[in-house]
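Visitor: Position chains H, B, D, U and W against the provided structure of chain S, taking the given hints into account.
Listed below, chain by chain, are the residues.
There are 6 protein chains.
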Amino acid sequence: MPIIQMNLMAGRSVEQKRRLAAAVAEAAAKALDVSPQTVRILIHELGVEDFSVAGVTAGLKAENEAAARTHSRD
Amino acid sequence: MPIIQMNLMAGRSVEQKRRLAAAVAEAAAKALDVSPQTVRILIHELGVEDFSVAGVTAGLKAENEAAARTHSRD
Amino acid sequence: MPIIQMNLMAGRSVEQKRRLAAAVAEAAAKALDVSPQTVRILIHELGVEDFSVAGVTAGLKAENEAAARTHSRD
Amino acid sequence: MPIIQMNLMAGRSVEQKRRLAAAVAEAAAKALDVSPQTVRILIHELGVEDFSVAGVTAGLKAENEAAARTHSRD
Amino acid sequence: MPIIQMNLMAGRSVEQKRRLAAAVAEAAAKALDVSPQTVRILIHELGVEDFSVAGVTAGLKAENEAAARTHSRD
Amino acid sequence: MPIIQMNLMAGRSVEQKRRLAAAVAEAAAKALDVSPQTVRILIHELGVEDFSVAGVTAGLKAENEAAARTHSRD
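Residue numbers (numbering that gives the first Met the number 0), protein chains in the order written: chain S, 0 to 73; chain H, 0 to 73; chain B, 0 to 73; chain D, 0 to 73; chain U, 0 to 73; chain W, 0 to 73.
Just so you know, the hints here were simulated from the structure itself, not pulled from any lab data. Nothing here was measured: the structure is a model prediction, and the numbers come from that model. Be a bit skeptical, because a hint or two may be false.
To be verified - Between beta-carbon pairs, the in silico distance windows are:
1. H/Ala65 x B/Asp32: 18 to 26 Å
2. D/Gly10 x W/Ala66: 47 to 55 Å
3. H/Ala66 x W/Arg68: 54 to 62 Å
What the hints assert, rightly or not - Just a sample of chain S residues kept apart from chain B, beta carbon distances all over 10 Å, derived:
4. Met0
5. Val13
6. Glu14
7. Gln15
8. Pro35
9. Gln36
10. Ala57
11. Glu62
12. Glu64
Claimed, not checked - So the derived list for chain H, only partly shown, Cβ under 10 Å to chain S, looks like this:
13. Asn6
14. Asp32
15. Pro35
16. Leu41
17. His43
18. Gly46
19. Glu48
20. Val52
21. Val55
22. Thr56
23. Gly58
24. Leu59
Where is the CB? At the ideal position from N, CA and C, for every residue including glycine.
Isolated chain S, as found in the complex (with noise of 0.2 Å):
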């Protein structure tokens, strides 16, 4: 019954995800001993806003870097 849900950033293309749900059923059934026909996938993607690693979103976090890159240019 494995039902497995991946966060992701938005932005994946159709074929990627395509890629990632065979590549990951498989995976998954083959260590667990398992059909594949059991595995359920769901995915839900995230915004740059609404993801962050020690309080700073990536959207932030891409912020400041352009910001030190402009910096690191003067």
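Guide: Relative to chain S, chains H, B, D, U and W alone:
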């Protein structure tokens, strides 16, 4: 305190979501013998490339089925 | 495909969980007009220190209420 | 490793999400005595028909309240 | 950042969980073209009364099947 | 309505969970400008074989580190 998260394929109407919330809250409250007021339900909708069974996304499955129908008409 | 995750306080009997699963699956299938066979339900049970409202865990709230009852009897 | 998933009603500004991420990461790291660097936060936003209390979605509740205000003015 | 939550029936061995984590992390990292270092996997195990299909818990299903086997031997 | 799910390594004391719930609820309510009363927090604890980074469970990582320490003492 039941907190219920429901993952659905995207595309339900407002009417259907309201019916779903009402029916599930009533069923859960009755089965658990708690006040309906304590039941919270969250719905997450998934796109066709965000749900897969056996490594095949709902989108790919629909494509495959459409192709099979076309071939069977040849 | 409804995949439903239910968070409950720990301590439900087997009988209650079976009644809950049956009732919620039927309610969801009917409201969404899908086969009950497509409904999967997962239950996560939480201990009294693992659920809180307004920053007060269920365990602490019970302690506070017990203390209040004792005081009101003084 | 705290991995924190926050379900919010949709509509928060970028500024509010950044403030939320910063504040919750700091609070969790301090309370758990771990490095903020280990704290990951994921935000899931819900539409008004995707959250319900007592079987009444936030959207329906708002409609009911608007109707009640209208009636009380009659 | 893939953060992957896997719901499994309880009872997997340590060896199986390690194999599962390694295989799924590798599959996800390759399909998404990200460093394996960014992949986090969380496993939630479910008891037989905590998972149901079509409103029948895994525990009840096993009971029903055992009873059917007994009857078919009569 | 913030509903917050926190995944932690198992082993926190009651005291730590209560401090965590209080601190996170206060931080979230302030950042979102909502009443603390609306904040619900759910804690899920994970065993050392149920969390992995880069395909290596916390249990395996601890074993590897213990083995490395032993070797470095040789």
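Visitor: Would you mind marking each hint as holding or not holding in the structure?
Guide: Verification of the hints:
no., hint, result
1, H/Ala65 x B/Asp32: 18 to 26 Å, "holds (22 Å)"
2, D/Gly10 x W/Ala66: 47 to 55 Å, "holds (51 Å)"
3, H/Ala66 x W/Arg68: 54 to 62 Å, "holds (58 Å)"
4, Met0, "violated (8 Å)"
5, Val13, "holds (19 Å)"
6, Glu14, "holds (22 Å)"
7, Gln15, "holds (21 Å)"
8, Pro35, "holds (16 Å)"
9, Gln36, "holds (14 Å)"
10, Ala57, "holds (26 Å)"
11, Glu62, "holds (32 Å)"
12, Glu64, "holds (35 Å)"
13, Asn6, "holds (6 Å)"
14, Asp32, "violated (28 Å)"
15, Pro35, "violated (27 Å)"
16, Leu41, "violated (12 Å)"
17, His43, "holds (7 Å)"
18, Gly46, "holds (8 Å)"
19, Glu48, "holds (5 Å)"
20, Val52, "holds (6 Å)"
21, Val55, "holds (7 Å)"
22, Thr56, "holds (5 Å)"
23, Gly58, "holds (7 Å)"
24, Leu59, "holds (5 Å)"
The structure is inconsistent with the numbered hints 4, 14, 15, 16, although it conforms to all the rest.
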